[in-house]
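Chemist: Given next are the chains, with one letter for each unit.
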Amino acid sequence: MDALRNKARDLLSDGSVQVVIGYGPGSVPDQARAVFLRRPEQVGALFFDDRCHQNLAVYLTKPEVKALGKPAIVGTPAILRSILQLAAENQIADGQVLALGVDGDGRVTELPDFKSIEDFLAPLPADLSPQEQEQLARIEAMSRSERWNYWIDQLSCCLRCYACRAACPLCYCGRCAVEANQPQWIPVAPHPRGVLEWHLARAMHLAGRCVNCGSCAKACPLGIPIHLLTQMLSQEVAKRFGLQAGRSAKREYVLGTFKPDDAEDFIR
Amino acid sequence: MEQRLLKRESVGQLFAKLADAGWRIVGPCRSGEAVVFKDVHAPQEMAADYVQTTLSPKSVVFPRYELLLRYRFEGKDVKIDDEQITVVPTVIFGLRPCDARSLAVLNAVFSWDYQDVFFKTRLENTTIITVSCTTSDPYCFCTSVNGGPGDPQGSDLLLTPFDADEYLVEIVTDRGRAIVDQAPELFAPAAGGEVNKVRVLADVPVRFEMSRLVECLPRVFNDEAFWAEQAMRCLGCGACAFLCPACACFDIQDEADRQGGVRYRCWDSCGLSLFTLHTSGHNPRTTQGQRWRQRVMHKFSYFKDRLGTIACVGCGRCSRSCPADMNLAEHLQALAETSA
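Which chain is which? The protein sequence lines are A and B, in order. When we follow the numbering used here, the leftmost residue of the first sequence carries the number 13, and every step to the right adds one. When we follow the numbering used here, the leftmost residue of the second sequence carries the number 401, and every step to the right adds one.
In short, the hints are calculated from the structure, not lab data. Heads up, a few of these hints could be off.
Computed list of chain B residues with no C-beta within reach of chain A, every gap over 12 angstroms [as the list claims (entries may be wrong)]:
id, residue
1, 520
2, 526
3, 619
4, 688
5, 725
Beta-carbon label-pair distances, calculated as ranges [unchecked claim]:
id, chain 1, residue 1, chain 2, residue 2, range
6, A, 108, B, 486, 42 to 48 angstroms
7, A, 18, B, 546, 44 to 50 angstroms
8, B, 619, A, 101, 39 to 45 angstroms
9, A, 160, B, 438, 18 to 24 angstroms
10, B, 679, A, 102, 43 to 49 angstroms
11, A, 81, B, 603, 42 to 48 angstroms
The structure presented is a predicted model; accordingly, all values stated were derived computationally and were not measured. Positions of the beta carbon are idealized from the N, C-alpha and C atoms, including for glycine.
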């Protein structure tokens, strides 16, 4: 905790960054919230422990936060993976963000560029949590109709509030496909077809781009486990194409890459 | 107010009587981690304990999606069929006193100038059986917005869980009396005169002084930096508005093909950037700070000026479920204190 605060104080004092994005006390004792520190005397608000699960990388592309100047950001593995994926998609430039790698022992590692983030992440496991693996296995074991019914039931409560989209660092589009209305591709209403089409579109757009942070499901006010859709697709992409989002700043995007030597015939 | 006693174990018999008489009953049910209002037939289907339901019951009177009309193209003509609303008399059971008050807020919007036949018809056919709060959490702030854990405003019947097996029943309106009349044998007279329910009610501390907040809002409107700072962590989703029992904004959309289509309305939120996007491409609210200001000003200033009531009942859902921990009561408190 002290190491993090000291680092933040130094960075703000010597002007290397204009804002430190981290976690501070939330509404209730067991909750953390994002804080945007701009003065050295504010660093006392920072802490880091297991309450800190929101993916703060979502703020790196928010115009109001970008306007504050160069950020340092507290970097959990999920946040660091998000930064690399944003880099791979040309949303942030090398050196534009200073990540502060944190670990359970309270050590803070300055990660000034993408290479250092890649190296920091390389030895860390990127597996899904045991709970997520168990949930995915259970869904995979279902028959096709059971799986369909499971999702129709889960999605029946969806309000189309887009908290999932807003919480996702990779959902940074200025105007989402769901908001295009000339023509309107996806119905706006939260009727069953509208909800289904929204979640299919979201999952497919994140296929191979999702960094498995789980923020979408944590943001869902109804607790719909929608992270399983994109995690399932991540696993599929890893298995079939050997690509894993958020491991490299130069990673290819599986749905946007063409290779003349592709193993599949139909594409040539 | 007339008081009666209802055994908790008699609620099932009450439901059966109401169902026999053609009533639809909606109550709080578990759905995964959430508690939402669904059609119920027996008390066992309802969630046993909850401080507050995840969703408010507003969809009973203001569905999240609602067809308004159908149209079809016939030569150069358009044939329009207005959607005819048919409503079954409905009891909402187990909502909290804050939610019961929210229906008057919605009604103020939907009968402001145009009388919204969809909303009004549903509301006229809805009876509110509220259960007082004996527990609360740090997000509750009903007492700061003129409500309370045992407040009868907006309810037809108010049930207070008086001990392990009995509800104190307060008959608030004639509609409530009509429910009692369906099964008078279940509602025993309260022995020994007026029963004091206060001792079992939740203790919800007052967070800010309403009059001070309302008075200061027009003065801070132009303080862009203040709103920007509060909204820095806001992600700009619609969860707060969609969970709010008193938010009434909706979008009107068409779904059509070459033969015709339907026009419907569905919930919308001032937190979403598209909410104010003009056809020209201009958006008068370009930042989340401006959108957050709109949310606060609309609920506590404009609404009060135009309709005589604020548009918040202190249920705390907007804050409890916010993915970025935007806490309305905390920010209102900060506002009320700036005016001091």
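Chemist: Next, verify each hint and record whether it holds.
Modeler: Hint check results:
At the 12 angstroms boundary, the C-beta of residue 520/B stays outside the reach of chain A, the nearest C-beta of that chain being 22 angstroms off. With a least CB separation of 21 angstroms from chain A, residue 526/B remains clear of the 12 angstroms interface cut-off, as annotated. The beta carbon of residue 619/B sits about 23 angstroms from the closest Cβ of chain A, which is more than 12 angstroms, so the claim that it is off the interface holds. Residue placement check: residue 688/B does not keep its beta carbon more than 12 angstroms from all beta carbons of chain A (closest about 6 angstroms).
For residue 725/B, the requirement that its beta carbon stay farther than 12 angstroms from each beta carbon of chain A is not met, with the minimum near 4 angstroms. Between residue 108/A and residue 486/B the C-beta distance comes to about 58 angstroms, which lies outside the given range of 42 to 48 angstroms. At about 47 angstroms, the CB distance of residue 18/A to residue 546/B agrees with the hint of 44 to 50 angstroms. Against the hinted window of 39 to 45 angstroms, the Cβ-Cβ separation of residue 619/B and residue 101/A comes to about 44 angstroms, which satisfies the hint.
The supplied range of 18 to 24 angstroms is met by residue 160/A and residue 438/B, whose beta-carbon atoms lie about 21 angstroms from each other. The hinted range of 43 to 49 angstroms is not satisfied by residue 679/B and residue 102/A, whose Cβ atoms lie roughly 31 angstroms apart. The beta-carbon spacing between residue 81/A and residue 603/B, approximately 45 angstroms, falls within the hinted interval of 42 to 48 angstroms.
When held up to the earlier numbered hints, the structure conflicts with 4, 5, 6, 10 and fits the remainder.
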